[in-house]
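Using the sequences and the hints given, assemble the complete structure.
Going down the list, the protein sequences come from chains A and B.
Each step along the first sequence adds one to the number in the numbering used here, with nothing skipped, and position 232 is 232.
Each step along the second sequence adds one to the number in the numbering used here, with nothing skipped, and position 300 is 793.
Take the hints with a grain of salt, since some may be wrong.
Here are the simulated DSS-like pairs of lysine-lysine, each with C-alpha atoms no more than 27 Å apart in a straight line [claimed, not checked]:
no., chain 1, residue 1, chain 2, residue 2
1, B, K843, B, K681
2, B, K527, A, K241
3, B, K985, B, K967
4, B, K912, B, K901
5, A, K293, A, K469
6, B, K956, B, K985
7, A, K241, B, K956
8, B, K843, B, K912
9, B, K588, A, K381
No lab work stands behind these hints: they were computed from the structure.
Single-letter residue listing:
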Amino acid sequence: MAGILDLDLVAARDALRAREISSTELTSAYLARIEATRDLNAYITVTADKALAMAAASDEKLEKGEGGPLEGLPIAVKDLFCTEGVPTTAASHILDGFEPTYESTVTAKLWDAGAVMLGKTNLDEFAMGSSNETSYYGPAVNPWRATGDADTRLVPGGSSGGSAAAVAGWAALAATGTDTGGSIRQPAGFTGIVGMRPSYGRCSRWGIVAFASSLDQAGPLARTVADAALLLSGMAGHDPKDSTSAPLPVPDFSAGLEDGVKGLRIGVPREFRIDGMPAEIAALWAQGVEWLKDAGAEIVDISLPHTPYALPTYYIIAPAEASSNLARYDGVRYGLRVDGDSLAEMYANTRGEGFGAEVQRRILTGTYVLSAGYYDAYYRKAQRVRTLIRRDYDQAFEKVDAILAPTSPSDAFPIGANESDPVKMYLNDVFTVPLNLAGLPGISVPAGLSARGLPLGLQVMGPMFEEAKLLRVARALERAAAFTARPAMLEGV
Amino acid sequence: MAEQDSAQAYRIQGETGAWEVVIGLEVHAQVVSKSKLFSGASTTFGAEPNAQVSLVDAAMPGMLPVINRQCVEQAVRTGLALEARINEVSVFDRKNYFYADLPQGYQISQFQQPIVGEGVVHLDLEDGRTRAVGIERLHLEQDAGKSLHDQHPSKSYIDLNRSGVALMEIVSKPDLRSPEETAAYIRKLRSILRYIGTCDGNMQEGSMRCDVNVSVRKPGDGLGTRCEIKNVNSIRFVQQAIEYEARRQIEILESGGSIDQETRLFDANRGETRSMRSKEEAHDYRYFPDPDLLPLVLDPARIAELKAALPELPDARKARFASEYGLSLYDAATLTEERATADWYEVVVKGGGGRRDPKIAANWVTSELFGALNKAGLDLADSPVSADALGGLMDLLGDGTISGRIAKDVFAEMFETGKDAATIVEEKGLRQVSDTGAIEAIVDAVLAENQDKVAEYRGGKDKLFGFFVGQTMKRSGGKANPGMVNELLKAKLAG
Numbered sequence: 001m002a003g004i005l006d007l008d009l010v011a012a013r014d015a016l017r018a019r020e021i022s023s024t025e026l027t028s029a030y031l032a033r034i035e036a037t038r039d040l041n042a043y044i045t046v047t048a049d050k051a052l053a054m055a056a057a058s059d060e061k062l063e064k065g066e067g068g069p070l071e072g073l074p075i076a077v078k079d080l081f082c083t084e085g086v087p088t089t090a091a092s093h094i095l096d097g098f099e100p101t102y103e104s105t106v107t108a109k110l111w112d113a114g115a116v117m118l119g120k121t122n123l124d125e126f127a128m129g130s131s132n133e134t135s136y137y138g139p140a141v142n143p144w145r146a147t148g149d150a151d152t153r154l155v156p157g158g159s160s161g162g163s164a165a166a167v168a169g170w171a172a173l174a175a176t177g178t179d180t181g182g183s184i185r186q187p188a189g190f191t192g193i194v195g196m197r198p199s200y201g202r203c204s205r206w207g208i209v210a211f212a213s214s215l216d217q218a219g220p221l222a223r224t225v226a227d228a229a230l231l232l233s234g235m236a237g238h239d240p241k242d243s244t245s246a247p248l249p250v251p252d253f254s255a256g257l258e259d260g261v262k263g264l265r266i267g268v269p270r271e272f273r274i275d276g277m278p279a280e281i282a283a284l285w286a287q288g289v290e291w292l293k294d295a296g297a298e299i300v301d302i303s304l305p306h307t308p309y310a311l312p313t314y315y316i317i318a319p320a321e322a323s324s325n326l327a328r329y330d331g332v333r334y335g336l337r338v339d340g341d342s343l344a345e346m347y348a349n350t351r352g353e354g355f356g357a358e359v360q361r362r363i364l365t366g367t368y369v370l371s372a373g374y375y376d377a378y379y380r381k382a383q384r385v386r387t388l389i390r391r392d393y394d395q396a397f398e399k400v401d402a403i404l405a406p407t408s409p410s411d412a413f414p415i416g417a418n419e420s421d422p423v424k425m426y427l428n429d430v431f432t433v434p435l436n437l438a439g440l441p442g443i444s445v446p447a448g449l450s451a452r453g454l455p456l457g458l459q460v461m462g463p464m465f466e467e468a469k470l471l472r473v474a475r476a477l478e479r480a481a482a483f484t485a486r487p488a489m490l491e492g493v
Numbered sequence: 494m495a496e497q498d499s500a501q502a503y504r505i506q507g508e509t510g511a512w513e514v515v516i517g518l519e520v521h522a523q524v525v526s527k528s529k530l531f532s533g534a535s536t537t538f539g540a541e542p543n544a545q546v547s548l549v550d551a552a553m554p555g556m557l558p559v560i561n562r563q564c565v566e567q568a569v570r571t572g573l574a575l576e577a578r579i580n581e582v583s584v585f586d587r588k589n590y591f592y593a594d595l596p597q598g599y600q601i602s603q604f605q606q607p608i609v610g611e612g613v614v615h616l617d618l619e620d621g622r623t624r625a626v627g628i629e630r631l632h633l634e635q636d637a638g639k640s641l642h643d644q645h646p647s648k649s650y651i652d653l654n655r656s657g658v659a660l661m662e663i664v665s666k667p668d669l670r671s672p673e674e675t676a677a678y679i680r681k682l683r684s685i686l687r688y689i690g691t692c693d694g695n696m697q698e699g700s701m702r703c704d705v706n707v708s709v710r711k712p713g714d715g716l717g718t719r720c721e722i723k724n725v726n727s728i729r730f731v732q733q734a735i736e737y738e739a740r741r742q743i744e745i746l747e748s749g750g751s752i753d754q755e756t757r758l759f760d761a762n763r764g765e766t767r768s769m770r771s772k773e774e775a776h777d778y779r780y781f782p783d784p785d786l787l788p789l790v791l792d793p794a795r796i797a798e799l800k801a802a803l804p805e806l807p808d809a810r811k812a813r814f815a816s817e818y819g820l821s822l823y824d825a826a827t828l829t830e831e832r833a834t835a836d837w838y839e840v841v842v843k844g845g846g847g848r849r850d851p852k853i854a855a856n857w858v859t860s861e862l863f864g865a866l867n868k869a870g871l872d873l874a875d876s877p878v879s880a881d882a883l884g885g886l887m888d889l890l891g892d893g894t895i896s897g898r899i900a901k902d903v904f905a906e907m908f909e910t911g912k913d914a915a916t917i918v919e920e921k922g923l924r925q926v927s928d929t930g931a932i933e934a935i936v937d938a939v940l941a942e943n944q945d946k947v948a949e950y951r952g953g954k955d956k957l958f959g960f961f962v963g964q965t966m967k968r969s970g971g972k973a974n975p976g977m978v979n980e981l982l983k984a985k986l987a988g
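Spelled out as structure tokens, the structure:
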């Protein structure tokens with residue numbers, strides 16, 4: 001049975017179509033693996049019965065040569081997507097007992113395409129975090145260990161930490177995530193997998209618990225670039241229920257993956273060369289540039305002058321929107337209610353107990369930056385800077401086809417290491433947030449190991465709605481990097 | 494000019510002299526639409542509590558608003574009817590505050606960039622003149638749900654049927670100067686909204702609600718500090734609230750105090766306003782553009798289409814009634830305030846092959862019909878006398894079949910029984926007598942019975958002529974043609 005987990009998404013799809021394996025076999029293998037990797041805490045809810053029923057239905061279709069593009073493929077869903085009849089927690093105490101009566105558009109599309117649901121993965125509470133440590137359900141754990149330190153548990157990154165841990169630990173064939181400030185790319189980088197954030201508007205936000213509406217975007221976490229492309233095809237598409245979803249046709253993201261980068265211009269932004277960047281990160285970046293150059297790309301030095309302001313801008317806009325988006329969790333209609341002697345007291349008790357410290361911090365920050373007297377100095381100014389950042393990228397993409405940068409300024413850190421310093425934690429997002437502010441697509445590709453033997457990712461950024469080109473560059477990088485390292489825990493699996 | 498104005502102007506006499514009242518209105522008008530502003534749930538009034546609530550209205554996690562085209566077009570039509578600037582780009586903002594009947598924790602509204610800009614409402618004054626009241630803006634927003642505080646001793650119940658229903662907030666400039674003028678403004682605004690069918694104007698059901706801003710000043714001074722009286726739900730209460738509030742402010746100012754800018758409530762039972770919250774306690778709504786919605790962009794061609802398709806509006810119809818039917822501006826205004834009344838009137842006037850006198854028709858409608866409806870507590874829609882039936886009565890009057898006096902009796906009978914005029918005249922034998930011989934016989938009999946009075950009349954007591962007319966009409970059962978009675982009496986008494 002072991003070999004079956006070795007198949008990536010594309011290989012498993014081909015094997016299913018060829019009837020070499022059944023979805024029930026594949027799904028059962030993953031369910032067993034989920035049990036075996038419980039200590040990763042990757043899942044909040046495992047939907048074993050549902051998975052087996054979906055697999056059986058897929059097998060019937062596959063038997064007849066029918067089925068969708070993802071037929072029979074078992075995947076995991078970040079527990080931020082509402083799933084009908086399955087608890088949806090956003091990793092928050094405040095959503096205790098909440099079972100949606102509806103299915104998010106993205107997951108509904110995946111099930112329509114034939115995918116099998118393994119369960120709901122762990123995340124930072126309401127997707128607010130970069131380490132998965134803010135989860136009410138405890139931190140998810142990175143399958144990787146630093147060389148010579150098998151005992152120290154490392155974070156898988158966040159907020160889609162459970163999805164990343166599941167995919168990297170083979171407890172899911174692939175998974176959905178959401179990326180508001182790097183929440184797909186950073187955990188993908190920390191766990192040695194591929195994670196892609198599509199253009200804002202490419203995937204519907206309908207039915208995804210909102211964090212920061214103008215920044216949130218769903219995307220795939222997978223083992224390979226080709227897997228990411230395949231899963232993205234099942235997630236993307238216009239949705240009339242989301243006014244911000246793009247009314248554009250969805251191209252075949254898997255086509256042209258192998259076309260290479262010959263003749264493409266790759267930008268290298270000087271502002272990403274920040275003070276104190278670890279040498280190994282800088283070296284990996286330089287290596288990535290060389291790889292693409294060797295593959296025939298033209299390398300162009302570019303400037304994205306407002307990059308230094310991206311992080312503070314993000315940490316104004318995201319909390320502002322969050323403070324409003326999270327107002328609905330008031331104990332009145334669903335989830336946790338902690339009674340009080342008055343309505344105001346009930347609100348305070350419910351929200352005080354229901355939200356964790358990081359969520360409360362961001363609600364406070366967001367409320368502050370929107371309040372009378374501070375709005376102009378913070379929120380309005382941040383919106384202006386955001387426009388400038390977007391303009392930086394627009395101008396850059398007049399000169400280049402894609403931009404290459406590191407995904408994160410470090411490798412995975414130990415659980416608890418950054419807990420006491422929120423600003424240090426926020427710095428994890430320094431290379432990922434500019435893209436969210438600009439609304440653009442980006443992808444993290446595993447490119448090498450740090451001195452501690454932990455995976456490091458390189459990030460490719462692309463122009464609006466040009467995911468196909470982005471994937472093509474990412475595939476070239478993937479081929480050149482030939483990253484084959486695996487976490488020790490996978491030995492013998 | 495100024496003297497004439499001030500002679501007519503509404504003033505409140507205080508101990509230190511006359512005060513002027515300055516009033517501005519924020520009217521919340523529920524948009525006539527099948528579904529809510531951002532969800533597909535129905536908007537029908539009177540459904541079971543929480544029967545018309547979508548996942549969006551209940552603010553379930555992950556739900557997103559999608560703008561309802563019909564509500565947008567209703568707002569545009571209203572803007573056009575208010576002669577206002579339509580903003581081709583407008584933006585929805587979130588107004589953040591916590592309340593149990595506000596499931597999202599914010600109301601989606603328009604703050605900086607409303608869909609409609611400055612416009613105007615023309616008030617109809619008693620003397621037929623008009624006065625322009627400026628409209629500051631009109632924006633679209635969601636209504637909240639309803640808290641029911643009387644269902645349980647210690648708990649409040651929440652009904653979300655109204656949650657998310659589209660409202661137009663129509664903000665006037667501080668151009669109103671008296672309770673009467675304010676009442677006229679609300680009536681005119683309601684008239685316009687009902688003409689174009691964008692709001693049913695029903696204040697009792699809450700589909701039109703007013704926030705009233707009141708301040709006072711000495712004539713000629715700058716604007717005083719205002720208080721906002723929230724959610725007043727009838728025209729009468731608006732007038733009462735203004736009067737009370739103006740007097741309250743004058744008393745404070747005259748005793749050396751100053752007005753605190755605050756939000757107040759009108760207590761209809763006591764006829765007074767009470768402080769709700771002061772400026773210091775005012776909510777900080779933390780408005781910001783709703784990131785779930787793109788800016789609303791209107792197609793100028795569609796705006797032009799909507800404009801072309803607007804029905805004739807009250808002001809235009811009033812002018813036409815005055816010129817086409819020769820009515821006074823006052824009568825024309827009365828008849829055109831409600832579209833249904835104007836339609837009704839025009840059915841009367843246009844029937845009967847153009848022989849019906851529009852002025853007489855106007856009198857019948859405004860005095861007899863409205864009087865009877867008022868007395869019976871009925872609306873025009875429920876009138877037992879149809880427009881065609883009233884026209885029939887006018888025709889009988891016009892061709893001399895019945896006299897004016899009989900016509901009023903016939904009308905009363907029509908109103909009571911719903912029968913048409915011809916039937917009643919036939920059944921009751923009310924046809925006017927215009928036969929000279931028959932009338933002469935009656936006149937002769939009256940004169941014969943009252944020879945003493947005949948002598949007095951002939952001796953110079955002219956006033957007795959009316960007596961003879963009365964006696965003759967009485968004896969004819971009111972049916973004698975009054976003109977012929979006059980002529981015959983004059984001739985015979987002279988003889």
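*Verify the proposed pairing of K527 (chain B) with K241 (chain A), using a straight-line Cα cut of 27 Å.*
18 Å, holds
*If you draw a straight line from the CA of K912 (chain B) to the CA of K901 (chain B), is it 27 Å or shorter?*
Distance of about 14 Å is within 27 Å: holds.
*Taking 27 Å as the top limit, are the C-alpha atoms of K843 (chain B) and K912 (chain B) close enough?*
21 Å, holds
*Decide if the proposed pair is consistent with the structure: K985 (chain B) and K967 (chain B), CA atoms, cutoff 27 Å inclusive.*
Holds, at roughly 18 Å.
*Is K241 (chain A) within 27 Å of K956 (chain B), Cα to Cα?*
85 Å, violated
*asked:* Run the distance test for K588 (chain B) versus K381 (chain A): straight-line Cα separation, threshold 27 Å.
replied: 20 Å, holds
*Please work out if K843 (chain B) and K681 (chain B) have their alpha carbons no farther apart than 27 Å.*
This hinted pair holds, its Cα atoms lying about 26 Å apart.
_Pair hint outcome, K293 (chain A) versus K469 (chain A) [Cα-Cα no greater than 27 Å]_ = Holds. K293 (chain A) to K469 (chain A) sits at ~16 Å (cutoff 27 Å).
*27 Å Cα cutoff - pair K956 (chain B), K985 (chain B)*: Roughly 16 Å separates the two Cα atoms, so the pair holds.
In summary, the structure is inconsistent with hint 7 from the numbered list given earlier, while agreeing with all the others.
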